[in-house]
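Q: Construct the complete structure from the given sequences, taking the supplied hints into account.
Taken in order, these protein sequences are the chains called A and B. For the first sequence, the numbering used here assigns the number 1 to the initial residue and increments by one for each residue that follows. For the second sequence, the numbering used here assigns the number 1 to the initial residue and increments by one for each residue that follows.
It is worth saying that the hints were derived from the structure and are not from the lab. Hints may be right or wrong, so weigh each one.
[As the list claims (entries may be wrong)] Straight line, CA to CA, 16 Å or less: simulated EDC-like cross-link-like pairs of lysine to aspartate or glutamate: (1) B:K144 <-> B:E70; (2) B:K144 <-> B:E66; (3) A:K117 <-> B:E152; (4) A:K117 <-> B:D164; (5) B:K156 <-> A:E118; (6) A:K117 <-> B:D172; (7) A:K196 <-> B:D189; (8) B:K556 <-> B:E243.
[To be verified] Facing chain B, according to a computed beta carbon distance under 7 Å, are these residues of chain A, among others: (9) S39; (10) L41; (11) A53; (12) P68; (13) Q72; (14) P88; (15) D185; (16) I187; (17) P193; (18) I195.
All figures in this text were calculated on a predicted structure; none of them were measured in a lab. Each residue gets a CB set at the ideal place from its N, CA and C atoms; glycine is no exception.
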Amino acid sequence: MSNSTRVEIPDELQGQVAITTLDRIYNWSRRNSMWPLMSGLACCAIEMICTAASRYDFSRFGMEVMRPSPRQADFMLISGTVTKKMVPQLVRLYNQMAEPKYVVAMGACASGGGPFKEGYSVVPGIDKFLPVDVYIPGCPPTPQALLNGLIKLQEKIDGQTIKKDAHWYRKEPTLPIPVPILGPDLIDLRNLPEIKAAATAEIIDTESGLREGSHE
Amino acid sequence: MSDASVITQTQIYEEIFPDWFTPESRSGYEGFIIPAERIQEAAQFLRDDKRYDFLISVTAVDYYPEDCLEVVYHFKRSTGGAPLTLKCILSRESSEIQSLVAVYPGAELQEREVWDLLGVKFTGHPDLRRILTWEGFGGHPLRKDWKEAFYEEEFKPFKSRWPDGKFSRAEDHNPLQDNLNFPQGFDPDKWVADGEQTLYKSMTRVSKLNEDGIESDQIIVNLGPQHPSTHGVFRMAAVLDGETVVDLKPVMGYLHRNHEKIGERNTYLQNMPFTDRLDYICSMSNNFAYALTVEKLLNVKPPERAEYIRVIMAELTRINNHLIAIGFLLNDLGAFFTPVLYALEERELIIDMFEAASGSRMMCNYFRFGGVVRDLPEGMLDHLKKFLTRLPRKVDELDHYLSGSEIVRIRTEGIGILPPLQAIANSASGPLLRASGIPYDLRRADPYSIYDRFDFDVCVRYHGDIYDRFLLRLDEIRQSIRILKQAVRDIPEGPIMTGKPQYQVRVPAGEAYGRVESPKGELGFYVVSNGKANPVRYHVRAPTFINLTSLADMCKGNKIADVVTILGSIDIVLGEVDR
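A: Structure representation (structure tokens):
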């Protein structure tokens, strides 16, 4: 880390003292130790493991320790299709992670539903629930693409400033994302009025996609 | 091959079966139709008198708008031979049929799946809950009149994409702008979510006095769906007495991606890339099984070179899968990520070859009906030959370091035992069955493709514990290397496709059940065609899903720490379990 400020270092301290901004040293230490949450969801998880293994080895970038516990993880790698049955758990895991935390959507399914978007129990993109920082296209993304995405995340961290972006140092607490519940379909608690309105609306025609048939 | 076996099968039927077994009269269909109320009797008869001791699959077909819901059973003999099909016709309204769990315990999870997705009620089932969706889910999604939220049209290709090409976002047609659909008049405020109450109620817990006169409770512990050892999003709910497992229920559906519903809207060829994503470690085997099934309907046979390429790819897949299975089993034992790195090193070399041939590392999409999509790239066979001289040494290395390890042996020998008869009753297949002493391998028992030409041994081990399953996978890698060496030696030059490649295949009406010995067990596809561009029914008989029936039996009486290893030794992939 070179001297990026205009403060002069006396000759006798050259090579022993470095002067930098708080943002830079803060981001430098964070970006080189990004521990992913170990939560493999689907096919992409296999490519994630390959990226962790010796040939691609993402520990070169500071991601060597995959943490099964959300408390110890810095970012969440959504590696695969998110289903309605799984999304409450993912939201809960995200809420349990300590700030600063990031979300990387790996692959087509996590980004937008992918080939399974039309499926009745698939959430078309994790961004319906969690704030995604980096999207990585591919089905599944190759290890190179995943590495590229993770480097993009590091670049994002590099650009953050404590003053503007570090909301985790503010007084007011960050509210957890309400955990959706499973009804006849997935109930997002933030959209209750809309759900109610949609369910009481008249069915105009069956072609609009409203479900027919019986319910228990 | 298939024609010959069909003929012998019908001959047997005519000779022995009682008159209430009505042979199929529809052309393209096979097997028998029996009255629904006698299914249990029929199953008992098949198992005890005809030695059809193995229930392969239970599924159902909805023939909407006809009032006909057909429950389809496939049976086989654990000594080999062609499968036998039984069908019962139910009405869509009152779809009730006797459960076969009492005769074939392997029906348990499958019947739950048929109930969940098609709404067939199995009377006498010990625990008929939803399995892939959740309690409270609206409707039975595989019924033909059930429409998903992003429903656009019955069949692909959708008119909006072809030929008009005016495509809009699916969200724009939905009142909630999302993949959501609530029943008319649903009030979320009044909804009481099931939570997991139905699951916990199905598990019995008792309080008892121990020898010191202290009352002790059994507790329920959940492992998963977020757990480092569950090989994906799998969950187990275990009742524990101290550290000992008293009861265990697998809970799945966390990766239910609706393969079958999507598959029934797709055209035949469109399903090929979806099969890649079933068992995403072995995409080539999945392609193989699906291609074989549709080829049965089409009645085509791939050319010689394509057959050899298929065998080469299937056996490479087997090696690939077993390397991962062994590596991750050691992970579960606590050798965290060291053995797996060595296994993945070899796997990378295999998927390099897949990438060279198909263009993708994992999702190969390489097989076509009547051949493979393109020829092997230049130099690949030489590359493969070199790899085949390297691999045996690497397998020996794994064997040397792992098989004798004291920790591995203490943790795995005598743990998670599955006795042979239980394995058959539970419809276990693949390494799980063979490690229990049943030498059943479809490549020998009912040879498909050109497997009858190769010289190899069916691996079998007799203790039925985790250690034997581990050793069996090492054995199978060695046998696959043998097959590969012969295939590389004998592969001829020539075409790789029968006929012209077609985007829209014309599949004659009928049904077909095609199966291969995938690395994880018997992978089968049950496809029903009505002669149009899309399948009426597309069912996947997923080996690991059915192998999980045995999980509870293997875990009971063992310690909770061993549950993780027992699960690892079954070698599940959630893409296939949940589909």
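Q: With reference to the structure, classify each hint as holding or not holding.
A: To see whether the hints hold, each was checked on the structure:
Only pairs whose Cα atoms come within 16 Å are accepted, and B:K144 paired with B:E70 is accepted, the gap being roughly 13 Å. The straight-line distance between the Cα atoms of B:K144 and B:E66 is roughly 11 Å, inside the 16 Å bound, and the hint therefore holds. For the suggested pair A:K117 and B:E152, the alpha carbons sit about 12 Å apart, so the restraint of at most 16 Å is met. The hinted pair formed by A:K117 and B:D164 fails the criterion: a straight-line CA distance of about 22 Å is larger than 16 Å.
For the hint linking B:K156 to A:E118, the alpha-carbon distance of about 12 Å falls within 16 Å, and the restraint holds. For a cut-off of 16 Å, the pair hint linking A:K117 to B:D172 stands: about 14 Å separates their Cα positions. Distance check on the hinted pair: A:K196 and B:D189 sit about 9 Å apart at the alpha-carbon level, within 16 Å; holds. Restraint check: the Cα-Cα separation between B:K556 and B:E243 comes to about 11 Å, which is no more than 16 Å; the hinted pair holds.
Interface hint at A:S39: satisfied, since its Cβ lies 5 Å from the closest Cβ of chain B, which is below the 7 Å cut-off. Because the closest C-beta pair between A:L41 and chain B is about 6 Å apart, less than 7 Å, the hint holds. The beta carbon of A:A53 is positioned within 7 Å of a beta carbon in chain B (closest approach about 4 Å), and the interface hint is therefore held. Checking A:P68 against chain B by beta carbon gives a least distance of about 4 Å; that is within 7 Å, so the hint holds.
Because the smallest distance between the Cβ of A:Q72 and any Cβ of chain B comes to about 12 Å, over 7 Å, the interface hint for this residue is violated. Taking 7 Å as the C-beta contact cut-off toward chain B, the hint placing A:P88 at the interface is violated, the least distance being around 10 Å. A least Cβ separation of about 5 Å between A:D185 and chain B falls short of the 7 Å threshold, and the interface hint therefore holds. For A:I187, the suggested interface contact is upheld, since its CB lies about 5 Å from the closest CB of chain B, less than 7 Å.
The beta carbon of A:P193 comes no nearer than 9 Å to any beta carbon in chain B, farther than 7 Å, and the hint placing it at the interface is violated. With 7 Å as the threshold, the beta carbon of A:I195 comes within range of chain B, its nearest partner Cβ sitting at about 5 Å, so the hint holds.
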